[in-house]
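Asker: Chain order of the listed sequences is A and B. The numbers in numbering that gives the first Met the number 0 rise by one with no breaks, and the one at position 80 of the first sequence is 79. The numbers in numbering that gives the first Met the number 0 rise by one with no breaks, and the one at position 151 of the second sequence is 150.
Copies of the same chain look alike in the list, so a pair counts if it works inside one copy or between any two.
List of simulated lysine to any residue pairs, SDA-like, C-alpha gap at most 25 Å: (1) Lys150 - Arg134; (2) Lys13 - Leu138; (3) Lys147 - Gln17; (4) Lys13 - His107; (5) Lys150 - Glu113; (6) Lys147 - Ala112; (7) Lys13 - Glu143; (8) Lys147 - Gln102; (9) Lys13 - Glu58.
Because the hints were derived from the structure by calculation, they are not lab data.
There are 2 protein chains.
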Amino acid sequence: MIEFMREAIALAVKKMRQGQGGPFGAVIVQHGEVIGRGYNRVTSTNDPTAHAEIVAIREACSRLDDFRLTGCDIYINCEPCPMCLAAIYWADIARIYYAADRQDAADHGFADAEIYLEISRNPEERRIQAVQLLRAEALAAFREWQMKTDKIDY
Amino acid sequence: MIEFMREAIALAVKKMRQGQGGPFGAVIVQHGEVIGRGYNRVTSTNDPTAHAEIVAIREACSRLDDFRLTGCDIYINCEPCPMCLAAIYWADIARIYYAADRQDAADHGFADAEIYLEISRNPEERRIQAVQLLRAEALAAFREWQMKTDKIDY
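With the hints as extra help, turn the sequences into a complete structure.
Answerer: Have a look at this one:
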């Protein structure tokens, strides 16, 4: 386990020095073998979703040709932000290993802890306002999905 | 506003019928003009992060050549899951318009509400375990980031 975490940290440092983005790296492991690597490339690719974990999940899924990483572990040099934590749930990853935590990230200028707070709030108390419109029209699409006989659940 | 929501719902329905993935669509609007569209393509591209909002954010950012969508609004046929809500924060989107809500999604077989619950729990109470390792080694990378003079904050 230590070796995979060292690899995630080394990736974070190397890519930060190259100017790819923030100091974050992630490694996904299946049966003791690395099947996906990612580093933060938000600012170099103009993609705010290009966090290390998202990039690593996409790579591992592409490698396995599967939208689930059941039984895989992820090693990250920092506790995942809520975007990445939820992605880990959607990907059905088995276990998270992390090094620094969200408070360490906050202490070094990252918004992770603030976003955790926002998400835990009721929608009407959040900084970004959410307005509901046309619910009935949207429900028709959901009902059609439920009746769809050839759907692939995820 | 109604027209953009109708477009998000129509996109959800069309792409669901084509078998691209779940019934979700998103449209990003800047100054009254659509600058990004996305639909769920999780199962058709084997990418668990390919939710409508993530796809739309990536498209809009690519169009603007910017990792921030400051001042833009997003129209979604369903309340965003935590992954997508956090992505909306990272992208600095101004306002969210949504139609169905997380409970509607849960009622039609989606895990959004469950993932909201998991994220609001303390890490030690979550279904996916998280184990901390090598924090001190990771902090060295964060300190280096803080001292980096040519970094781009995000």
